[in-house]
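Trainee: Sequence:
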Amino acid sequence: MELALWRWSVAVQSTSVAMIALFFWVLHRSLRREELLAWTRGWLLNVTALSVALFFWVVQPAGVVYWTTRMFFLSLKTMSVLFLMEGAWSLVRPGARFLRPSYFIVGGLVYPAAAAFVLVNNDRLGVVEQTGIGVLFLWTGVRLLFAAERGPVWLSVGFLARGLLCVMEGVSYAIRLAAPGSVPVELEAWTNSFVAASSSFDSGTEWLLALGFVLGLSHRSQRELERYNRELLAAQEELRRLADRDPLTALANRRSLPGIFRAVQPQGALLLFFDLDDFKRVNDVFGHQAGDDCLKRFAAALRDSFRPSDAVVRYAGDEFLVVAGGLDAAGAAERVAALRRHLAQGPQGGEPVRFSVGMAELPAGGQPDEALRAADQSMYAAKAARASRALRA
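Using the working numbering, the letters of the sequence shown map in sequence onto residues 440 to 832.
It should be emphasised that the hints constitute simulated quantities derived from the structure, not laboratory data. Ideal placement from N, C-alpha and C gives every residue a C-beta, glycine not left out. Please note that a few of the clues may not be correct.
[As the list claims (entries may be wrong)] Pairwise CB distance ranges, derived in the manner of DEER restraints:
(1) A826 with D743: 24 to 34 angstroms
(2) L664 with A501: 15 to 25 angstroms
(3) D743 with L681: 17 to 27 angstroms
(4) V549 with A628: 32 to 42 angstroms
(5) Q706 with Q675: 28 to 38 angstroms
(6) L671 with A826: 49 to 59 angstroms
(7) P791 with P686: 21 to 31 angstroms
(8) F556 with N668: 42 to 52 angstroms
(9) N668 with D562: 49 to 59 angstroms
(10) L664 with R693: 46 to 56 angstroms
[What the hints assert, rightly or not] In the BS3-like style, the derived pairs of lysine-lysine whose C-alpha atoms are separated by at most 25 angstroms in a straight line are:
(11) K735 with K822
(12) K735 with K719
(13) K719 with K822
Work out the full structure: start from the sequences and follow the hints.
Mentor: Have a look at this one:
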């Protein structure tokens, strides 16, 4: 009866773990994530280990095959646990190693060989195997629980539950090793049944592990998507800022005007339209580099002459616009006069920068296009008057 229960229990667990392994293999094929690779390897190794265990209980081998089967089972089982631990930790610390490579060498070769040949009794082997695996699961569960991550909580619960069940199985094997008559008959009978059926109990905790990993992976993927979304929004904002910025003068360009006008339209603003005089002559006589230097110098002086809250825009070519909210015509005239004095002499005695300026008021709730057109016309009127005075002189 007990042997039949062993076979049934291992068969149930083998079927259950095969389904879990297939699920994670398909999931890894579609997602290609590093933590899924370790987790899939762990479940595939677990399926192989249970297949070996099923072979052991059905065939009942002896001699060399007996010892080889024991060692092979221990190796596969321990390696599967180590891969599950590694994959679980990578959900919390992506790219970080949880176990050293030497752990896999010891767990896959040294420990199975020593345990299989030294612990000749199956119950002794069960005590060492189940207690050791239980400690590994409990240690991982505690580490995940204190990893300050909301996602792996259920995965931590799965590791802790699996670890507690393994420890209970180890204790049950230890009870079976007790001297005859030292253990109550009822406890001995219950222990034998529990050990024989333990593989079927393991299936429940293994599904809990699988569910915890899927929930942890979902949480990790959600966090990554949120981070990618923030980075994308930041990149879009940077591109928008660059698109609204003149690369030569570092001033806002014409594309930024709709946003500037939306900001000042409720309260109104004063518009000042600037145009450099004889700028074509600067390009023709001194070259385009000198023209660029002239534009950069004028832009810097214009920015310094007005308030930080005023929007200074390179409108087109040698035309500039200042949108000054809360500034009256008299205050603007003082700033323009200071700007003329600042640019009256070029650097190192070079050419001065001369300009014409027109003003127009954008009333509260007014139309920016009309105010801009009025400032443009005012500037051209000032330029014409300046040219007329030059001809009379």
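Trainee: Regarding Q706 and Q675, is the given constraint of 28 to 38 angstroms on their beta-carbon distance met?
Mentor: Taking Cβ atoms as reference, Q706 and Q675 lie about 29 angstroms apart, which means the hint holds.
Trainee: CB of D743 to CB of L681, is that within 17 to 27 angstroms?
Mentor: With Cβ atoms ~23 angstroms apart, the hint holds.
Trainee: I want to verify a distance hint. Is the separation of the beta carbons of L671 and A826 within 49 to 59 angstroms?
Mentor: holds, 52 angstroms
Trainee: Is 21 to 31 angstroms respected by the C-beta to C-beta distance linking P791 and P686?
Mentor: Given about 26 angstroms between the Cβ atoms, the range holds.
Trainee: At the C-beta level, are V549 and A628 separated by a distance inside 32 to 42 angstroms?
Mentor: holds, 37 angstroms
Trainee: Within 42 to 52 angstroms: is that where the Cβ-Cβ distance between F556 and N668 falls?
Mentor: violated, 56 angstroms
Trainee: Given the hinted pair K735 and K822, is their alpha-carbon gap at most 25 angstroms?
Mentor: holds, 21 angstroms
Trainee: Does the beta carbon distance between N668 and D562 stay inside 49 to 59 angstroms, or does it fall outside?
Mentor: Taking Cβ atoms as reference, N668 and D562 lie about 56 angstroms apart, which means the hint holds.
Trainee: Check whether the Cα positions of K719 and K822 lie no farther apart than 25 angstroms.
Mentor: This hinted pair holds, its Cα atoms lying about 15 angstroms apart.
Trainee: Could you tell me whether the CB distance from A826 to D743 stays inside 24 to 34 angstroms?
Mentor: At 28 angstroms between Cβs, range holds.
Trainee: Does the Cβ distance between L664 and R693 fall inside 46 to 56 angstroms?
Mentor: 36 angstroms Cβ-Cβ, so the 46 to 56 angstroms window is violated.
Trainee: Taking the beta carbons of L664 and A501, is their distance inside 15 to 25 angstroms?
Mentor: violated, 56 angstroms
This entry does not satisfy hints 2, 8 and 10, going by the numbered hints stated previously.
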